[in-house]
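> Listed here are the chains, written in short residue letters.
There are 4 protein chains.
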Amino acid sequence: MSVAAFSSICFNRAHCSNKELIKQHNVKSHIKCSIKSGITSTLQNNVRVGVLGASGYTGSEIIRLLANHPHFGVALMTADRKAGQAISSVFPHLVTQDLPDLIAIKDADFSDVDAVFCCLPHGTTQEIIKGLPEHLKIVDLSADFRLRDVSEYEEWYGQPHRAPDLQKEAIYGLTEVLREEIKNARLVANPGCYPTSIQLPLVPLIKANLIQTSNIIVDAKSGVSGAGRSAKENLLFTEVTEGMNSYGVTRHRHAPEIEQGLADAAGSKVTISFTPHLIPMSRGMQSTIYVEMAPGVRIEDLYHQLQQSYENEEFVVLLENGVIPRTHSVKGSNYCLINVFPDRIPGRAIIISVIDNLVKGASGQALQNLNLIMGFPENLGLHYLPLFP
Amino acid sequence: MSVAAFSSICFNRAHCSNKELIKQHNVKSHIKCSIKSGITSTLQNNVRVGVLGASGYTGSEIIRLLANHPHFGVALMTADRKAGQAISSVFPHLVTQDLPDLIAIKDADFSDVDAVFCCLPHGTTQEIIKGLPEHLKIVDLSADFRLRDVSEYEEWYGQPHRAPDLQKEAIYGLTEVLREEIKNARLVANPGCYPTSIQLPLVPLIKANLIQTSNIIVDAKSGVSGAGRSAKENLLFTEVTEGMNSYGVTRHRHAPEIEQGLADAAGSKVTISFTPHLIPMSRGMQSTIYVEMAPGVRIEDLYHQLQQSYENEEFVVLLENGVIPRTHSVKGSNYCLINVFPDRIPGRAIIISVIDNLVKGASGQALQNLNLIMGFPENLGLHYLPLFP
Amino acid sequence: MSVAAFSSICFNRAHCSNKELIKQHNVKSHIKCSIKSGITSTLQNNVRVGVLGASGYTGSEIIRLLANHPHFGVALMTADRKAGQAISSVFPHLVTQDLPDLIAIKDADFSDVDAVFCCLPHGTTQEIIKGLPEHLKIVDLSADFRLRDVSEYEEWYGQPHRAPDLQKEAIYGLTEVLREEIKNARLVANPGCYPTSIQLPLVPLIKANLIQTSNIIVDAKSGVSGAGRSAKENLLFTEVTEGMNSYGVTRHRHAPEIEQGLADAAGSKVTISFTPHLIPMSRGMQSTIYVEMAPGVRIEDLYHQLQQSYENEEFVVLLENGVIPRTHSVKGSNYCLINVFPDRIPGRAIIISVIDNLVKGASGQALQNLNLIMGFPENLGLHYLPLFP
Amino acid sequence: MSVAAFSSICFNRAHCSNKELIKQHNVKSHIKCSIKSGITSTLQNNVRVGVLGASGYTGSEIIRLLANHPHFGVALMTADRKAGQAISSVFPHLVTQDLPDLIAIKDADFSDVDAVFCCLPHGTTQEIIKGLPEHLKIVDLSADFRLRDVSEYEEWYGQPHRAPDLQKEAIYGLTEVLREEIKNARLVANPGCYPTSIQLPLVPLIKANLIQTSNIIVDAKSGVSGAGRSAKENLLFTEVTEGMNSYGVTRHRHAPEIEQGLADAAGSKVTISFTPHLIPMSRGMQSTIYVEMAPGVRIEDLYHQLQQSYENEEFVVLLENGVIPRTHSVKGSNYCLINVFPDRIPGRAIIISVIDNLVKGASGQALQNLNLIMGFPENLGLHYLPLFP
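Chains as they are written, first to last, in the working numbering: chain V, 407 to 795; chain P, 407 to 795; chain H, 407 to 795; chain C, 407 to 795.
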């Protein structure tokens, strides 16, 4: 990378990866570099961000997105089992970035950090977040704070909730639905990928009483990255490519999260049919949702409701009448594309919703939420068009 | 290939591909070769088979399967646009086989042919089959003779039926359901891939009045080979890999075929919800079927009914309780794996069925049917285990 | 999309795709919008860009990159066979962008256009570029102006060169090698993907006399998007997935382009061994290059030379000693990663180079070149990290 | 499966998978079943085979192939970590087969077993084979007995050879090259996949002095199944799909095995350049081999030599002049397709060879070898055409 390029916008990772810097600089000098470049004078409210659990896919996706964020810089990254390593030894595609080395979470100094993305596994996150300093804003990408009812958490995750007080404080981060609450949150429980793709189209329709809340049937399909980066036999290339299968039939852990959101919209308990499928692709998620319309309601009514709900949203896009959403059309971007179709069976409708499970279904929505918390426009760092083909 | 190997079973293509023969022999000499080898004395009822439309995937799949059939030999293969070419120039993976060159259908001499697989496109098949000699047994893999009601054909295929008299004679080739009728058929309309995967589990359950016939919701997923081999932009590797999408929403042509079969089982009209999805894999099909059980019926009742219906079937396999069928487990084989699961919504069930769309969903079932017509055990030539990984 | 977002940087597509605008605005109003937003006061030298041949992959990739370019806006897009259509009907992943409809090239008004990317097929491009107004800056992504010797063009492309005068003016756009010439060019012949991946590591080594120019053996591997978007049987998903093959053995059209560049570096004629392979992936290209080192030269000498040549380049990255470049690490980005390894055979070396064939191998390098021509930093619009996984 | 089908050929797994049998029978009763069915009278020399290490891909591939073998039956299968499980719980695609449960190798009773395929990991195999009863014929698919020089084994595998006496007895199982020796072997060291694909074309050319043995450059590409079924991060679907990379550059363990075979052909030491690449496909291997021809030798001479060497071989196929071998054309089959092409550099040639790494590169060749050892035609159980698409 040329020094000339470096001088343009330095707080931004993608612009700042001077090769000399890669070797010589740690976080401190990196932040110094952003001052040197003379850019900071025009940037207000720079935010120093920590990424906890940076060796997984949601962590690396946060880093990718932040590379083009004008105000957020990566101050520290943790990965206990990879502590001491450069990020490029864990994620070779980040080799060009001037980033601090991975550290163990116990060695992290949060005094200079403003906010963290918590990309740790379910189950261990509650304890860790409980131990973080009060001044930190937190977006948690695990499932540990998504279920308001801690007894439901215990039922589905097989262990008691370790931070019930924090749970009360946590705001569910479905941005388009709970934007105002998120703005004032300290701890956001970022939604799961399936719940995001399902609630975005269903919540407005349920709120408007346009569909029945009984017998909502969701046939969902996910790319493999949703399962994370852990080395499991069933996720090997040879086991996944050129085939597909349902999994978690009857008892997937995202079911209670979805039902919680739909119940909030309905004002009463909702039980859904939810069957996820593993599709041989890295990214992408589609929910095909089969619903019964309320008496007298027509497909057009559903379409108009969605149009009205999302016309001012940047990231939720209702396609033109008849156009089928495709996961290809959102890969690498924060968009959720939706549409609604008549069923062959009179009175029924088919709703299709697609997202990139790692972006709008995880790290993208997390960034959208942290933008809100920090008072920035929520689309900063999210101006990526889908990568196709 | 060694001559020694050649002497073992010569009517069988896989055994017979002597390199000298590839150059010197045409069909006649090939059949002569099967006599020379002295095997024919032990083989009775050898059947000379024609493959009409051998340049598509169902055609090449027939050839693959016949290579290990003890009694069927390929006498001629047609492909109008590739007439004059060797099969290996159209399908390089068949280069080792001693097969006749492709010819135009108008040049085919059927006098020495006993039976044909018709692998031609929908719409043109009726005229061609109408023109075939009476002595031929025919298994038609197109959709042209699947709908008993010719007006329904016209409605869905946009043209009048060209052979309504033949339609009356055609037997629908869902082997396990209509085995006895198929044995006596001259013309079998081989089922579509989606209809096969859906009817096999549903027909016994409907016949036994265990599920409601209203609100049957089928979310089906197919590999790309189901779309055939024609060069279309939307089927390019770059357009398909790493993404998925629904297609034919509300109006897929397989819907009336499925409904016809279910209505026969129910004794009354059935309208289903049917949404197919294109999955980035070559072969494989899964139907995830959401049904409401009849009052008082439990999941166990569905399981036992399927167990009873298929316990003596080789190719339809009910998995053990709780085991999820995977398309990986049938790739390249004629098996249909099924299972039934409870839904989260009380009173509902989820039925999963997987096949290889090109085998049980097309050429394998076609061979199963021709075996029956010719009086052979129906599994001849179908002893292929799935290819995994 | 929210209006708030819209007000930030409007000349930039990704920021500007207000849904109302999608419906109401044409190019003129779009450019007006960029004025309205009050951003233009801080943006100098806004460039109105035309994309000729916007229905192919290099065209859509240009559009993706420009969406985050601070100074370039899309003024018109042509696609003769899709004229009159919205870009989203051709590329659904661009549905969120506020872009002009596709027009026929004959209907294009270039009076308000400053520069064009020419993404048209080889063979037809010379005539079209000959007919463009003189004021336009042109980056041509076809092969039509890459070979300086027009008789060599005729030999490899089977037709006489249609614009030999323009050929004299054309500058070969291998940015890192010919940067100064490109800055002053009106017509840049953007390099092919294979030639880019091969020349970037070899040119400095040849110039420094570190490797023999006889017996350079290049085994190159490409993703499928290199073949473009035309509907051909051999590019179908079913024909490509789960297999690979060499193609163009002995006679690939990129050979003379590569040899021209290496000969320039060597100061004498170079003939290489070049064998491309089609790999079942959409994007990505690797060249594995087997060379004989000059007498007395060691691997370390090659490494140091590459280090020295590229230490100030942003987009060409020499990896740390021993680290193997992977195509995964450049997908969607403009980087070229290279490294050099000892061979088992003494005196020989193995050089590995990877790029994304659609970015550094096509549209990314094209944008890099237009940035130079227009006097901007060459990395504008190219701050995309690789998308992984 | 129907009982009727069962009565046809029972020793054969594919025919024998009666559902009742799946539940009731163990190995003994299974072998009893083969007697009961009255088939054994026509089958002579039935061979009871053990598969050691049946939970890996080469083990399951052996089982797939044996399902259609007329004389070999599976008597026992071991998998220490999965002992006690049904094969279908480890390989769901084998659910239809009537096979014994997996056992620990220490519990295996070999008294009724005639031969074993040893599909265990490198390094542990020597000890285990040393402990097997003398009466067993053994085909070892690991690398543990491939290198005749035990010091070379120690150098490349980092541990002393544990069975140097057995090493002296072991015959290298490259069937077409060492057929006569294999017929009389008790222990066959089955070749690696890369060595098979490289030696088959090169050995005859070297023996005939048609190519130089210096500067043989092999650029090899492999599907992912070559890495086995162990759960490693770098083999996850997400890490492999849509990208490729070289690996083991300069120091892949197959290099000494290849050089041993080429040196035998040359009568002198040979050092090759060998660079493997991981390709995003499950099966398939291509070696692209760049050689210098001996003085005065032309491409035609290479072609004719290969033609002469392989004209009587069933599984090694020289394609017609100019036809490029494709891995698609061998998937699931035991074929090796080869061809030879002129290079752009005068005096050089390009040789391309493709196999299915799990069949001719492992389990298929192993079965070919056991057929020879047992005195059967070597193609029994190998009559599978490639699966395409």
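Certain hints may be false.
Since the list gives no way to pick out one identical chain from another, each pair is judged satisfied if it fits inside one copy or across any two copies.
[What the hints assert, rightly or not] Only pairs whose alpha carbons sit at most 30 Å apart, straight line, appear in this in silico DSSO-like list of lysine-lysine: (1) K512 / K638; (2) K638 / K488; (3) K589 / K613; (4) K613 / K488; (5) K675 / K488; (6) K675 / K638.
Simulated from the structure, these hints should not be mistaken for lab results.
> Take the hints in turn and mark each one as holding or not.
For each hint, the structure was consulted:
no. : hint        : verdict
1   : K512 / K638 : both (27 Å within a copy, 27 Å between copies)
2   : K638 / K488 : both (19 Å within a copy, 16 Å between copies)
3   : K589 / K613 : within (22 Å within a copy, 57 Å between copies)
4   : K613 / K488 : neither (46 Å within a copy, 41 Å between copies)
5   : K675 / K488 : neither (44 Å within a copy, 44 Å between copies)
6   : K675 / K638 : neither (36 Å within a copy, 43 Å between copies)
When each numbered hint is compared with the structure, violations occur for hints 4, 5, 6.
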